[in-house]
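Peer 1: Below are the chains, spelled out letter by letter.
2 protein chains.
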Amino acid sequence: MVQRMTTKRVLMGPGPSDVPTEVLAALSRPTIGHLDPVFLRELDETQEMLRQLFGTRNTLTLPISATGSAGMEACFVNLLEPGDHALICRNGVFGGRMAEVARRCGAEVTLVEAPWGQAIDPDEVAEAAKSRSFKVLALVHAETSTGVLQDLAPFRGIADSCGALLIVDAVTSLGGVPVEVDRMGIDAVYSGTQKCLSCPPGLSPVSFSERARELVAKRKTPVQSWYLDLSLLGKYFGGDRVYHHTAPVNMIFALHAALRLALDEGLERRYARHREQAQALYGGLQQLGLDLPVEASVRLPPLTLVRIPEGVDDAAVRAKLLRDYNLEIGGGLGDFKGKAWRIGLMGASATPRHVSLCLEALGHSLES
Amino acid sequence: MVQRMTTKRVLMGPGPSDVPTEVLAALSRPTIGHLDPVFLRELDETQEMLRQLFGTRNTLTLPISATGSAGMEACFVNLLEPGDHALICRNGVFGGRMAEVARRCGAEVTLVEAPWGQAIDPDEVAEAAKSRSFKVLALVHAETSTGVLQDLAPFRGIADSCGALLIVDAVTSLGGVPVEVDRMGIDAVYSGTQKCLSCPPGLSPVSFSERARELVAKRKTPVQSWYLDLSLLGKYFGGDRVYHHTAPVNMIFALHAALRLALDEGLERRYARHREQAQALYGGLQQLGLDLPVEASVRLPPLTLVRIPEGVDDAAVRAKLLRDYNLEIGGGLGDFKGKAWRIGLMGASATPRHVSLCLEALGHSLES
Numbered sequence: 001m002v003q004r005m006t007t008k009r010v011l012m013g014p015g016p017s018d019v020p021t022e023v024l025a026a027l028s029r030p031t032i033g034h035l036d037p038v039f040l041r042e043l044d045e046t047q048e049m050l051r052q053l054f055g056t057r058n059t060l061t062l063p064i065s066a067t068g069s070a071g072m073e074a075c076f077v078n079l080l081e082p083g084d085h086a087l088i089c090r091n092g093v094f095g096g097r098m099a100e101v102a103r104r105c106g107a108e109v110t111l112v113e114a115p116w117g118q119a120i121d122p123d124e125v126a127e128a129a130k131s132r133s134f135k136v137l138a139l140v141h142a143e144t145s146t147g148v149l150q151d152l153a154p155f156r157g158i159a160d161s162c163g164a165l166l167i168v169d170a171v172t173s174l175g176g177v178p179v180e181v182d183r184m185g186i187d188a189v190y191s192g193t194q195k196c197l198s199c200p201p202g203l204s205p206v207s208f209s210e211r212a213r214e215l216v217a218k219r220k221t222p223v224q225s226w227y228l229d230l231s232l233l234g235k236y237f238g239g240d241r242v243y244h245h246t247a248p249v250n251m252i253f254a255l256h257a258a259l260r261l262a263l264d265e266g267l268e269r270r271y272a273r274h275r276e277q278a279q280a281l282y283g284g285l286q287q288l289g290l291d292l293p294v295e296a297s298v299r300l301p302p303l304t305l306v307r308i309p310e311g312v313d314d315a316a317v318r319a320k321l322l323r324d325y326n327l328e329i330g331g332g333l334g335d336f337k338g339k340a341w342r343i344g345l346m347g348a349s350a351t352p353r354h355v356s357l358c359l360e361a362l363g364h365s366l367e368s
Numbered sequence: 369m370v371q372r373m374t375t376k377r378v379l380m381g382p383g384p385s386d387v388p389t390e391v392l393a394a395l396s397r398p399t400i401g402h403l404d405p406v407f408l409r410e411l412d413e414t415q416e417m418l419r420q421l422f423g424t425r426n427t428l429t430l431p432i433s434a435t436g437s438a439g440m441e442a443c444f445v446n447l448l449e450p451g452d453h454a455l456i457c458r459n460g461v462f463g464g465r466m467a468e469v470a471r472r473c474g475a476e477v478t479l480v481e482a483p484w485g486q487a488i489d490p491d492e493v494a495e496a497a498k499s500r501s502f503k504v505l506a507l508v509h510a511e512t513s514t515g516v517l518q519d520l521a522p523f524r525g526i527a528d529s530c531g532a533l534l535i536v537d538a539v540t541s542l543g544g545v546p547v548e549v550d551r552m553g554i555d556a557v558y559s560g561t562q563k564c565l566s567c568p569p570g571l572s573p574v575s576f577s578e579r580a581r582e583l584v585a586k587r588k589t590p591v592q593s594w595y596l597d598l599s600l601l602g603k604y605f606g607g608d609r610v611y612h613h614t615a616p617v618n619m620i621f622a623l624h625a626a627l628r629l630a631l632d633e634g635l636e637r638r639y640a641r642h643r644e645q646a647q648a649l650y651g652g653l654q655q656l657g658l659d660l661p662v663e664a665s666v667r668l669p670p671l672t673l674v675r676i677p678e679g680v681d682d683a684a685v686r687a688k689l690l691r692d693y694n695l696e697i698g699g700g701l702g703d704f705k706g707k708a709w710r711i712g713l714m715g716a717s718a719t720p721r722h723v724s725l726c727l728e729a730l731g732h733s734l735e736s
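Heads up: the protein sequence lines correspond to chains U and D, in order.
Here this note's numbering is used: position 243 in the first sequence is 243, and no number is missing along the way.
So this note's numbering is basically just the index in the second sequence, starting at one, shifted up by 368.
Note that these hints are calculated values from the structure, not bench results.
It should be emphasised that the depicted structure is a prediction, and the values quoted were computed from it without experimental measurement.
Mixed in with the good hints there might be a few duds.
[Stated by the list, open to error] Listed below are the simulated DSSO-like cross-link pairs for lysine-lysine, each with C-alpha atoms no more than 30 angstroms apart in a straight line:
(1) Lys603(D) to Lys8(U)
(2) Lys8(U) to Lys337(U)
(3) Lys376(D) to Lys220(U)
(4) Lys586(D) to Lys603(D)
(5) Lys235(U) to Lys586(D)
(6) Lys339(U) to Lys376(D)
(7) Lys320(U) to Lys688(D)
(8) Lys235(U) to Lys376(D)
(9) Lys707(D) to Lys688(D)
(10) Lys320(U) to Lys339(U)
(11) Lys235(U) to Lys707(D)
(12) Lys130(U) to Lys220(U)
[To be verified] Here are a few chain D residues that sit away from chain U, every Cβ distance over 12 angstroms (derived from the structure):
(13) Thr399
(14) Pro450
(15) Ala470
(16) Thr478
(17) Gly560
(18) Gly602
(19) Gly607
(20) Asp608
(21) Glu636
(22) Lys707
[What the hints assert, rightly or not] From the structure, some residues in chain D lie toward chain U, with a derived Cβ separation under 7 angstroms:
(23) Pro388
(24) Ser396
(25) Ala434
(26) His453
(27) Ser599
Positions of the beta carbon are idealized from the N, C-alpha and C atoms, including for glycine.
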């Protein structure tokens, strides 16, 4: 029998993360029109703050009115046309999803793979990039299914070597790990609000380089999604405010507040907090005798993969954590389904209190 | 210089409409996980309440995690394959958008048109349906750009005559005017939350018939949008709760509350309220000497088109209403851009207080 929740959940899964009361308060401000000057000013500010988080000066930086997976789709449907070739790196669910989305755009996909829980080897990508020219090279910065952080530094050069635009999934890195869109030469990037930004799910921040924008303008075929067509979105989000669809006003209020909190904290300090709490969690988990399948050098601070010990009932432990501690952690996906947990330390959930609670609750649950 | 809003706006444009405090309170409940049993129970209830609003028993009734235009796209990308023929009725912006979306699915579009501000003539559609077989017949129930309400009764028969599935835009009718999906034999229908449901913008309720679902299962080509693929969405929203994307938890809390309010009021009573307030508005506008371009028999109660008198400055009047009365009404679109206003009486905005305020404010603004 499901009970109505009486106390607040503690969210330490793969997202959503805990949402600060300031963000919830902004979310519930009285709704106003999507063309109201008061709203448009906040939208401007939201876009400007997103540029700071993404580390970019890209004009076309905006929140897509849907969740992170729609942000992914926005990147591919705008940059690919039928018959184009895409070079895609896969080491978890989200690289696989990229390939699936690219194929639905009519693209030919070449995959470079690494085992789940490991990073992609840039040398293998560089080798594959020699085989032909590609329209896009795509990879995941922070693989939410495994907790692997990919060093992006080598990939601009590799993309250039095969004439490709560079697409990056930053769903679980934005706000928790530096993304550095301009410095890394990323052409298209997408994220979600419910991870390290600690805003409820529902929007997907994206950013497109000038080069990406020009490529969209020169397409031979229309973008297959009207809703995600950048040339139409750009007319609303790019300054003229031409009606395209009704912007999700309250969600943008919330994102505005979440970005404000991130910038007030200071981005460097925020990234350090994520690293420090992750270190504390790693230590505590190892003290409990638990194994972390991802090698230390490529661990993603906001999300930790933990192997479920032999003989332990995955679902029973997670149900107990939820019931006894109001604590949510995530199950495994794909290759790690039933074999690992995913513990999130994202945004407002990356605090010493969260680390302690999780270690204590997990310790008790594994004993019993 | 734009001022921060200090008092609450009164929303009488084409949406968003005023959002009740109960709905805003639900929106700002602490975020919980999208696979949390507490959330899944509310999602079940939300889907069941949506069935009541839509007048359907369709299993596949759910809120798409994006705004109304994405709901439109969901209907077309799932039911159309390249080379299919679509018969589409256009008498305003949204019929035109349907045609655009259908073409982006690779479909051949046959248009039946009526002048903006008039209803579609079913006889003309029946005539066009004789020319060949069609995969879908699509039309708008409530044209948000003109305030025309289309009688849907003749269209199931016409769709059958050409072998088509029937797609209906109910963005500005759901919750304000009876939609009756099952009785009208509609196969795919989409709406928005920010109109007569008086919930913030961000979700698109949709419903698909068993026949539509079977057609999607038998497709030869994959649905071009991964995000909107009904066969994938059905695995999360259809009972198994297989992860597809992170559901926008807080927006669904808000929709749940908005649907609860609608059902508590009673649907018949709610529809009557919309009709009665619209009648009061028509009378008052005519007393002000204003012309309503849409013929009385096809007027859409939730949205009224008002011709801007000769010599009156559209933008100046709307700016004055916003500044002096905190009142938002809508500008014209397409054929009516700069020539008409759109006054919404949707959901919580369909009250005698709203009608009086609007008439008084408009009267004063036109005098000065």
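Peer 1: So, Ser599(D) near chain U? Judge it on the closest CB pair being under 7 angstroms.
Peer 2: At 13 angstroms from the nearest chain U Cβ, Ser599(D) fails the 7 angstroms test, so the hint is violated.
Peer 1: Against chain U, is Pro388(D) within 7 angstroms by beta-carbon distance?
Peer 2: violated (10 angstroms)
Peer 1: Are all C-beta atoms of chain U more than 12 angstroms from that of Thr399(D)?
Peer 2: Given that some Cβ of chain U is not farther than 12 angstroms from that of Thr399(D), nearest at about 4 angstroms, it is violated.
Peer 1: Within a Cα-Cα threshold of 30 angstroms, do Lys603(D) and Lys8(U) meet the stated pairing?
Peer 2: With a Cα-Cα distance of about 28 angstroms, the restraint between Lys603(D) and Lys8(U) holds, given a limit of 30 angstroms.
Peer 1: For Lys130(U) and Lys220(U), compute the direct alpha-carbon distance and say whether it is at most 30 angstroms.
Peer 2: holds (26 angstroms)
Peer 1: With d taken as the least Cβ-Cβ distance between Gly602(D) and chain U, does d exceed 12 angstroms?
Peer 2: holds (16 angstroms)
Peer 1: Holds or violated: are the alpha carbons of Lys707(D) and Lys688(D) at most 30 angstroms from each other?
Peer 2: Holds. Lys707(D) to Lys688(D) sits at ~17 angstroms (cutoff 30 angstroms).
Peer 1: Please confirm whether Pro450(D) is truly not at the interface, meaning its C-beta sits more than 12 angstroms away from all C-beta atoms of chain U.
Peer 2: violated (10 angstroms)
Peer 1: Is the Cα-Cα distance between Lys320(U) and Lys688(D) 30 angstroms or less?
Peer 2: violated (58 angstroms)
Peer 1: With d taken as the least Cβ-Cβ distance between Lys707(D) and chain U, does d exceed 12 angstroms?
Peer 2: holds (16 angstroms)
Peer 1: Interface hint check: Ser396(D), Cβ to nearest Cβ on chain U, cutoff 7 angstroms. Holds or violated?
Peer 2: holds (3 angstroms)
Peer 1: Hint check: Lys235(U) vs Lys707(D), CA-CA at most 30 angstroms. Holds or violated?
Peer 2: holds (22 angstroms)
In summary, the structure is inconsistent with hints 3, 5, 6, 7, 13, 14, 15, 17, 23, 26 and 27 from the numbered list given earlier, while agreeing with the others.
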